[in-house]
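Number of protein chains: 2
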Amino acid sequence: MEPIKTFELSKEYLESFRIGIEEQQNDFILESLEGVNVADIAALLDELNLEEAIYVLRLLSHETAADIMIELDEVSVNKVIREMEAIELASLIDEMDSDDAADILILMPSKDREDVISHLQEKEKSANILDLLRYDEDSAGGLMAKEYIKANQNWSVIQTIEEIRRQAENVEKIYSIYVVDNKQHLLGRVSLKKIILAASNTKIMDIYEPELISVPTHMEGEEVAEIMRKYDLESVPVVNAKNKLVGRITVDDILDLIREQSEEDIQAMTGISADVEESDSIWRISKARLPWLIIGVVGGLMGAQIITFFEEGLSKYIALASFIPLVAATGGNVGIQSSSLVVQTLASKSVFDDSPWQRFVKGLLIALVNGIVLGLFVFSVVKFIYGFDSIFGFTIGLSMFFVVLMASFMGTVTPLVLDKFGVNPAIASGPFITTANDLLGLAVYFGVAMYLLNL
Amino acid sequence: MEPIKTFELSKEYLESFRIGIEEQQNDFILESLEGVNVADIAALLDELNLEEAIYVLRLLSHETAADIMIELDEVSVNKVIREMEAIELASLIDEMDSDDAADILILMPSKDREDVISHLQEKEKSANILDLLRYDEDSAGGLMAKEYIKANQNWSVIQTIEEIRRQAENVEKIYSIYVVDNKQHLLGRVSLKKIILAASNTKIMDIYEPELISVPTHMEGEEVAEIMRKYDLESVPVVNAKNKLVGRITVDDILDLIREQSEEDIQAMTGISADVEESDSIWRISKARLPWLIIGVVGGLMGAQIITFFEEGLSKYIALASFIPLVAATGGNVGIQSSSLVVQTLASKSVFDDSPWQRFVKGLLIALVNGIVLGLFVFSVVKFIYGFDSIFGFTIGLSMFFVVLMASFMGTVTPLVLDKFGVNPAIASGPFITTANDLLGLAVYFGVAMYLLNL
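In order, the protein sequence lines correspond to chains Y and D. Note that full-length UniProt numbering has the first sequence beginning at 1, numbered continuously upward. Note that full-length UniProt numbering has the second sequence beginning at 1, numbered continuously upward.
Certain hints may be false.
Any copy, or any two copies together, can satisfy a pair, since identical chains are not distinguished.
[Unchecked claim] Derived pair list, reagent style DSS-like, types lysine-lysine, alpha-carbon separation capped at 27 Å:
(1) 150 - 242
(2) 420 - 362
(3) 193 - 123
(4) 173 - 194
(5) 383 - 316
(6) 150 - 123
(7) 287 - 362
(8) 362 - 79
(9) 11 - 316
(10) 11 - 420
(11) 123 - 242
(12) 173 - 244
(13) 362 - 11
(14) 383 - 287
(15) 11 - 123
(16) 150 - 194
(17) 150 - 173
These aren't lab readings, by the way, just hints derived from the structure by calculation. None of these values were measured; they are calculated from a predicted model.
Extracted from the complex, chain Y is given alone in its bound form (with noise of 0.2 Å):
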């Protein structure tokens, strides 16, 4: 065995397979699947026409197509459940877990949704999925299964074997046993291994934990991770607001989601409005990007608007043009690296949080050494290396020191603001925050010069 077991996909590779699947060579195509991760399949499949991706399902085991289709980019799923048939695409669902059948389905329009469920061979699986469906995306609800094992606490371990063994197939990875009462309400877990090396005849309720966490349907996706993070738990209950077991989340979805937020949260930051990746379409790429480029070029025709305002001073020390940028670019780092602490404070909800009168207090003494150290750094610099005068040294200087406290400012509260709000506080580090520090920088430049060289 290779230490690693992933699968090379070479271009030669993508090639020889794209022949095999234009000459129907069945048997080498599914040679060459055998034994390949679904996950390095999917991959695969991504990069195939649609007619080619469903060419390669309809040749594997529904079993293996449901558990690729699962693994396939958004893109692929889309076009795929476009193409199939209801009762095809209802033979796939049919090998997948609740959790995964919803997110596939949540993707068609209602009518066909229906169509497809219909469809299913199991009475119980159409419920749990219309089930999940009922719940937002995002929330513990959108994300739970609904296969997990659940025990009586008046079970016996034997009882508890029968009901594994029952669900075995249906469940495929269980971690714990679920306990709950007659009510169905959520007691504790019981470990496999308890299981194991327990006698048959015990009682559950005598070897259960009833320590556990659970969350309930309607928390937030990113807060479930972060509970799953600190608890170090590889599966969580969810309940329902009667305290009733009604699905369970399991970690390998919470990774898959730890992953889309933090590329969310840089894209927020780096001013891309869309989830867009390198190998989009230019077309695509281009339209996430110009918008907030558009914002930003808004911001310096404004500022074009602030430094005309001044232009009879500026025209008399022309110098004062040469620092623009700097003044400039010293509120935009100021104000980005403010945003990004704040955005991480809030991502990390501390229980023993500052209050906001203390953070800003804080904040404010931050931004003294800063703009204290910067100040009298550009002071000098100007005054003893680029030779100008005193009085104009001490102009950059204390413009610099007035913007990094400004800058500070709108950099820590404008991530609050946008909290409190309820927009994701990451875009606070992007553009946006640049664009007004650069504004505001060039008016308090301006207006400390206009009035320190009497222009």
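Once you've looked at the hints, dock chain D against the given chain Y.
What follows is chain D alone, placed relative to chain Y:
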């Protein structure tokens, strides 16, 4: 049972807890921590001073104290291990998994570390810990634990259950049982579910799954995380160069790693040079922020030199000064967008990445689209709304176009070069790229202006 059994840490509770410690009300302390998750107790101790935290740790059982130690933040752990005697620390380490023990011991000077290890009760554990300490902290070898269940392929199910019983105390979460041959080569895995459902005289070799993803000891943690996410693994076996099983990595360690890395990336992007949080001291935060700010300021001062060089032309056409911030800001925004897309691609490492040349052509085409749109937009505003003449509008529009092209190029190339040299490419989305783009933008702007306006 409450839906989420997390601990409410109010400031009032913290106060009463501190008084409890001061007055040595041990019953009150123990009672109020009864049933509280160790992660929450750790968060509480992080807020106490060293004497208080140690007082509480000594009051609890070794097992609980050890679990809490693992969850403390690094600053607190560092203080606690410096305060405790080797023998006391050894009694806590005795209760930890080998990977957690190694994470704590690595923080100590090597002399003290040896002292602690010599006091450990179990010979096997000290050997395991010494083994783990050899690996780089961020590699698979540094992340893995020595606690896992392995079964020889020739064993029966009942023998395997005996092994589970023997190891029950050491291995908290089992997930999978790894199957090896007589020479400890990893052959595959068998799930606990299969063990439960199989007859007790079944041979392991008849039920194990030979398809298994493993990672080598030298693999980087980041790559391990990506593999576990992609293949939905809750644990992964680690093998040495000879494919012998040497440890396993569980998903809880990976969740922490992913969070740390996404925080690091964001800090790199926003120009914060060390791992700081809003709750750190003012001095510590300032120190982490100043280096990049100073680099930005030096860039701004160099920009001043560039503008001074064109001062004569500028004084003839003072309106040029007004559009300096526009050009500089757009360069920065475009550069950050481009680099962020590249960094994202580098992180996900798709198997079908475009070649550098395709990437370059595509980036160029996107830049052309964005450059033409923004150039035309700016030209129109400058000429028709601000009322400048055509040649001046054309100067600003053309400068915009060139700046977008150059900033895209810089933003694409810089992270690729940094990655090549093993530097975190995320810093290319930060102040560095912005500063470089500002300078380039200024040079282009004044170059175009001097030429077109005949200055």
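message: At most 27 Å between CA atoms: does that hold for residue 150 and residue 123 within a copy, between copies, both, or neither?
response: For residue 150 and residue 123, only the intra-copy Cα distance (20 Å) is at most 27 Å; the inter-copy one is 40 Å.
query: How would you label the pair residue 173, residue 244 (within, between, both, or neither) given a Cα cut-off of 27 Å?
result: both (22 Å within a copy, 26 Å between copies)
message: At most 27 Å between alpha carbons: which applies to residue 420 and residue 362, within, between, both or neither?
response: Within one copy only: 20 Å inside, 39 Å across.
message: Within, between, both or neither: how does the pair residue 173, residue 194 come out at a Cα-Cα threshold of 27 Å?
response: The answer is both: 16 Å in one copy and 11 Å across copies each meet 27 Å.
- prompt: How would you classify residue 11 and residue 123 at a CA-CA limit of 27 Å: within, between, both, or neither?
  reply: Neither: 44 Å inside a copy, 51 Å across copies.
message: If the cut is 27 Å between Cα atoms, do residue 11 and residue 316 qualify within a copy, between copies, both or neither?
response: neither (64 Å within a copy, 58 Å between copies)
message: At most 27 Å between CA atoms: does that hold for residue 383 and residue 316 within a copy, between copies, both, or neither?
response: Cα proximity of residue 383 and residue 316: in one copy and across copies (19 Å, 26 Å).
field: Within, between, both or neither: residue 362, residue 11 at alpha-carbon 27 Å
entry: Between copies only: 19 Å across chains, 55 Å inside a chain, cut-off 27 Å.
- prompt: Using 27 Å as the alpha-carbon threshold, which applies to residue 150 and residue 173: within, between, both, or neither?
  reply: Both, since 13 Å and 19 Å are each at most 27 Å.
- prompt: Taking 27 Å as the upper bound on the Cα-Cα distance, should residue 362 and residue 79 be classified as within, between, both, or neither?
  reply: For residue 362 and residue 79, the Cα distance is within 27 Å only across copies (25 Å; inside one copy 53 Å).
- request: At 27 Å max between alpha carbons, let me know whether residue 11 reaches residue 420 within a copy, between copies, both or neither.
  value: The answer is between: 22 Å across copies meets 27 Å, while 48 Å in one copy does not.
- prompt: Should residue 150 paired with residue 194 be assigned to within, between, both, or neither, using CA atoms and 27 Å as the limit?
  reply: The answer is both: 15 Å in one copy and 18 Å across copies each meet 27 Å.
When each numbered hint is compared with the structure, violations occur for hints 9 and 15.
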